[in-house]
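2 protein chains.
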Amino acid sequence: MIKDQVFCNFTGLLHNILYMNTTALLDQIAFIKEIDKVKYIQRKTKLFNSDRNENDAEHSWHLALMAIVLAEHSNEPIDVLKVVKMVLIHDIVEIDAGDVFLYDTQVNHSNSDEERLAANRIFGLLPKKQAEDMIAIWEEFEAGETNEAKFAKSMDRLEPLLQNTSNNGGTWKEFDVPYKKVFEKKSVIKEGSTTLWNYAEDLINESVANGILKNE
Amino acid sequence: MIKDQVFCNFTGLLHNILYMNTTALLDQIAFIKEIDKVKYIQRKTKLFNSDRNENDAEHSWHLALMAIVLAEHSNEPIDVLKVVKMVLIHDIVEIDAGDVFLYDTQVNHSNSDEERLAANRIFGLLPKKQAEDMIAIWEEFEAGETNEAKFAKSMDRLEPLLQNTSNNGGTWKEFDVPYKKVFEKKSVIKEGSTTLWNYAEDLINESVANGILKNE
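Protein chains in written order, with full-length UniProt numbering: chain A, 1 to 216; chain B, 1 to 216.
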């Protein structure tokens with residue numbers, strides 16, 4: 001019986017050591033479960049050559065791989081992991097705040113009070129330090145001032161441009177968006193990469209020439 | 001006229017400088033367009049608390065964020081960016097080779113000839129050096145021997161476990177998978193993280209106790 005007790009104490013101790021990180025882990029698992037909701041958030045843009053709407057998880061996955069593959073075209077040296085983190089998490093606030101269409105003229109696009117509340121709630125599920133780090137990365141992306149944020153934003157603008165040109169005008173046609181507006185919104189790409197902007201500018205001009213983007 | 005010609009030569013030169021990376025870029029864009037197909041590949045597992053199947057892009061996005069959030073639980077120090085690359089690309093070969101269910105007893109699960117051919121074709125769209133790097137990362141993941149590959153595989157096994165427990169047994173019930181098989185397949189998690197394996201083992205045992213996983 002004493003032997004049993006010693007064994008129990010030992011396994012109990014072992015259990016405690018192994019589970020040292022349990023509180024942190026359970027918070028992390030709660031976050032991992034919560035962000036599943038990103039898969040239900042429909043964007044306005046459609047998949048390539050398709051009439052099926054893209055969701056935020058698919059979009060974020062695509063941006064992450066674009067960032068990895070296109071990193072060499074960044075105007076400035078970048079920490080690729082930070083860019084990848086930015087694009088993976090940039091739309092998580094939409095779980096609470098919803099998706100805002102890039103060409104919506106009624107709604108503020110970034111850093112609304114609603115989005116800040118959402119960031120605090122959702123990233124706040126994580127252990128404190130990790131939550132703070134994630135919120136800081138999201139804020140940095142939103143502010144768009146660092147090299148990483150500029151490149152991440154280039155990815156976010158480039159993907160739907162590629163989609164619309166593959167979809168005979170896509171959302172440009174569907175929502176009657178003119179050239180001037182597209183040019184203005186997409187020129188953000190230039191901040192992250194001149195090379196990608198040159199390519200994007202050609203695509204936009206070709207779209208006007210092909211009649212899939214109206215020249216206004 | 002001479003002035004015009006000089007100007008043309010100058011803009012031509014500028015154009016060439018700006019477009020130095022064009023060939024690489026066009027190859028990268030071809031790859032970016034091709035991998036959109038990952039969004040159509042349906043997995044057997046369902047989203048959390050849902051009867052909607054998950055697709056490979058959503059799955060890969062989720063694994064990338066899990067890797068970032070759970071990195072501290074890795075048994076060994078890891079290069080997080082490499083793990084993230086692994087999980088972001090690990091299912092791209094399924095564009096050609098299709099998804100194989102983890103508990104399928106008829107089909108070989110990894111590194112089939114079909115998957116190798118797919119890796120060569122799809123990553124081969126990229127510029128040569130980048131294609132070689134991507135194939136090497138995919139091979140490293142498949143081999144499962146490095147610290148990064150072990151941790152990436154832990155993520156790949158943990159996500160559907162979380163999904164099935166949130167879905168009243170999910171694919172375990174749907175395909176009549178017994179405890180023994182689940183335990184065997186999921187124990188791979190231990191290679192990447194003892195902490196996560198302890199948590200996973202508890203979940204599996206609870207699932208048997210709750211009757212959502214049959215005790216065989």
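Hints were generated in silico from the structure; no laboratory data involved.
Even for Gly, the Cβ is constructed at its ideal location relative to N, Cα and C.
A hint or two may mislead.
The calculated BS3-like cross-link candidates involving lysine-lysine, where the alpha carbons are at most 25 Å apart (straight line), are [stated by the list, open to error]:
| no. | chain 1 | residue 1 | chain 2 | residue 2 |
| --- | --- | --- | --- | --- |
| 1 | B | K82 | A | K33 |
| 2 | B | K33 | A | K33 |
| 3 | A | K214 | B | K181 |
| 4 | B | K33 | A | K186 |
A short list of chain B residues far from chain A (calculated; beta carbon distances all over 12 Å) [what the hints assert, rightly or not]:
| no. | residue |
| --- | --- |
| 5 | D27 |
| 6 | Y40 |
| 7 | E58 |
| 8 | A67 |
| 9 | P77 |
| 10 | D96 |
| 11 | F101 |
| 12 | E140 |
| 13 | E145 |
| 14 | T146 |
| 15 | D176 |
| 16 | K185 |
| 17 | L196 |
To be clear about the criterion: a stretch of chain B counts as covered by chain A if any three or more of its residues have a C-beta under 8 Å from a C-beta of chain A, and this derived list gives those stretches [claimed, not checked]:
| no. | segment |
| --- | --- |
| 18 | 29-38 |
| 19 | 85-94 |
| 20 | 187-193 |
Inset, instruction - Would you list, in rising numerical order, the hints stated earlier that this structure does not obey? - result: 2, 3, 5, 6, 7, 8, 17, 20
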